[in-house]
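> Residue strings, one per chain:
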Amino acid sequence: MLTLFCLLLSGTAGAAAYFFPVVVAGVGQTSQTVVVPPSRSPGASATPTPAAAPGAPFTVLLLGSDDDGKNKSPLTQSMILVRVEPTTKHVTMLSIPRDLWVPLSVGGSAKIDAAYAYGGPAAAIATVERNFHVHIDEYAWVGLKGLIKLIDRLGGVDLLVTNPVLDDEYPDDIDSAFLYGYRRVAVLPGAQHLDGSSALQYVRSRHNDINGDFGRSARQQQVLLAIKAKASTLNAADLPDIVDALKGNFKTSMGLDRVRTLLSVANAFDIANVKQIVLYVPLYTSYGRGPEYGNQSVIVPHWQEILAVTRANFP
Amino acid sequence: MILRRIATVLFVPVMLAFGSGVYLYLGTLKSKVVQERPQKPTATKPKLQLPGTMFVVQEGRLFKLNAGNFIEIGPPGDWSQPTLTPDHTKLVAVLRAGYASDLYLLDLDGHVLKRMTKNDSKYVEYNHWAFYPHVSPDGANVLYGFDSPKQNGVDLAIWSMPLNGAQYQARRWTDPYYYTGGDVSPIPLASGGLLFVRHSIDPSTAVHSQIYYQSRALALAKPLTAAADDCSQAALSPDGTQLAMVCSHGKQSAALEIAPFNGTALGPARVLLDGGLYASPAWSPDGKALAYFAPQGLTGHFQLWYLALPVAPTPSPSISASSASTSAKASSTVAPTPTPAPTPVQVTEGVDLSATSPPVWY
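Chains as they are written, first to last, in the working numbering: chain A, 1 to 315; chain B, 1001 to 1362.
It cannot be assumed that every hint is accurate.
[Unchecked claim] Using C-beta positions, here's what the derived DEER-type ranges look like:
{"hint": "1", "chain 1": "A", "residue 1": "Gly181", "chain 2": "B", "residue 2": "Gly1250", "range": "51 to 61 angstroms"}
{"hint": "2", "chain 1": "A", "residue 1": "Asn267", "chain 2": "B", "residue 2": "Gly1060", "range": "27 to 37 angstroms"}
{"hint": "3", "chain 1": "B", "residue 1": "Gly1250", "chain 2": "A", "residue 2": "Asn267", "range": "23 to 33 angstroms"}
{"hint": "4", "chain 1": "A", "residue 1": "Tyr287", "chain 2": "B", "residue 2": "Leu1048", "range": "51 to 61 angstroms"}
{"hint": "5", "chain 1": "B", "residue 1": "Gly1060", "chain 2": "A", "residue 2": "Thr87", "range": "38 to 48 angstroms"}
{"hint": "6", "chain 1": "A", "residue 1": "Asn295", "chain 2": "B", "residue 2": "Pro1076", "range": "48 to 58 angstroms"}
Just so you know, these hints were derived from the structure itself, not from any lab.
These figures come from a predicted structure and were not determined experimentally.
No residue lacks a Cβ here, since even glycine has one placed at the ideal position from N, Cα and C.
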């Protein structure tokens, strides 16, 4: 009896050692507390919707940004609203242009990518909630290096690249001594297997795309779906590797229950159940520049059209 | 009492071994996508021995496949997109270095004979890309994608330079749409004309790829496929009468199709395979089969596949030098396949071949 107990104990210790990094990450990187501040933006209303019940549809704000120390507070390079319906396994993704000119939850107006820089995830969530009239249940932030490592740990992603993505002004800020340099990148068209660095170039390049940031948003959704397709084949034994890849490059407000729900949706992945929305010019947005926008080139929202979309897809 | 102590002392290593065993066992339960990494082609044996000789690329290395064996050729570097001279004695391949890429002439064992272009500079904006080399049927010129001029973004245009000449003798053939990535995959024709793939972005912001025909340098190009078909990666059969291509029809999957070609126009396309990530078809030397790349298994690494073409009457194009819209319309109408669907045969396993470097097969 004692022998069996000892073996059980040693086996449990072995399993605990294996999953120890997951537990540490679970404590340190998930269930991040976010306090969304009350509205200070005139005309914008905070959504009083209660948090989603277990099994109910929920909305996650995905944030992507550099974390290289270039800016004291990094701007978000990617903001994607994702609504997950666990029962029907349907997913809706809406990319928010980083240059969208909006009232920020922390006061004043600016490009929406500044919300995270000024007030972290809480400000980013509040800004999106108040402008888009949606309720956000969770957020997840991933740094650029985290994305590279995650894709590499997944063994790369398969994509069908529609056209050559060429860029002479691609930021050369990953593992570079000089963070403000730029470099040339070329991702050639066709079906192919991309590693983490190439996939990042594909989702981050925007200078030679006639669709600008919108083209990039569509590519980000494409890579997100490719990651999801790959992730659907993972199992619990892979978690330490994945956690190691994302160490320091991932934060989320989601608890383990919600992560489990997300994984179950990923396991039942079917691209036919995924709706992708990009707020293209001229229907949803237009280009703007002038003193009213701080003399910056911005994307001006057409709220009537945008809110019709969010009402229909993010009830 | 002493025996009990001895048993206890002996049991501690057993516990340690068991705990370690559980740890290691959990490691073996990792999924294939996390565990499996591609092998070098030379460490594998093809499952099917292909006739002739083939050149493929993996992770910047050139490989020759002959008599069922892979041999690595060429000096170290980031090599891609090899192509043969018409007399089958030399290769032209792309070498990426830093922020530029150049064309090199190599012998069939991978020895560099000549650097054909010099596109690197210490100033980023003066660097250039050269991709997709293809030697003309008379062996006089090499046509390739080149990002010059750069006054409206960085877009590839098709250029031509003498195979035995110098880069300053190169001249531009096509005028790409700006900010689309440009024109790629030139196929010089015996007639002196050119097939290539042009990218465009329509008013709804959708990106399209179409196969175009152009009779001479900077002449008006004529689309042979419809924008909605999103066809690219064309390969001309050895006798020049059929075109293999990959068409995605706006989806994230593709169809492998062939269509008769009369030198200026395409006939109705036949879908050979549909719903996969098919890439870079190449004709067998006898024109009776295709090789192409497609991912295999969960890992998604691209393998080489072989597809014997069904013997079916291939109607010759009824269109002769018709208008661009007519020919594009014709090719968009896909005829039903009258013969049983061909069965692809996987040639390689466990490798990760570059799907953007079409196999060279002779």
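> Hints first: check each against the structure and report whether it holds.
For each hint, the structure was consulted:
Against the hinted window of 51 to 61 angstroms, the Cβ-Cβ separation of glycine 181 of chain A and glycine 1250 of chain B comes to about 37 angstroms, which falls outside the hint. Evaluation of the 27 to 37 angstroms hint for asparagine 267 of chain A and glycine 1060 of chain B yields a pass: the beta carbon distance comes to about 35 angstroms. Separated by about 27 angstroms at the C-beta atoms, glycine 1250 of chain B and asparagine 267 of chain A satisfy the suggested range of 23 to 33 angstroms. A hinted range of 51 to 61 angstroms for the beta carbons of tyrosine 287 of chain A and leucine 1048 of chain B is consistent with their spacing of about 54 angstroms.
For the hinted restraint 38 to 48 angstroms between glycine 1060 of chain B and threonine 87 of chain A, the CB-CB distance of approximately 47 angstroms keeps it satisfied. Checked against the hint of 48 to 58 angstroms, the pair asparagine 295 of chain A and proline 1076 of chain B passes, with Cβ atoms roughly 49 angstroms apart.
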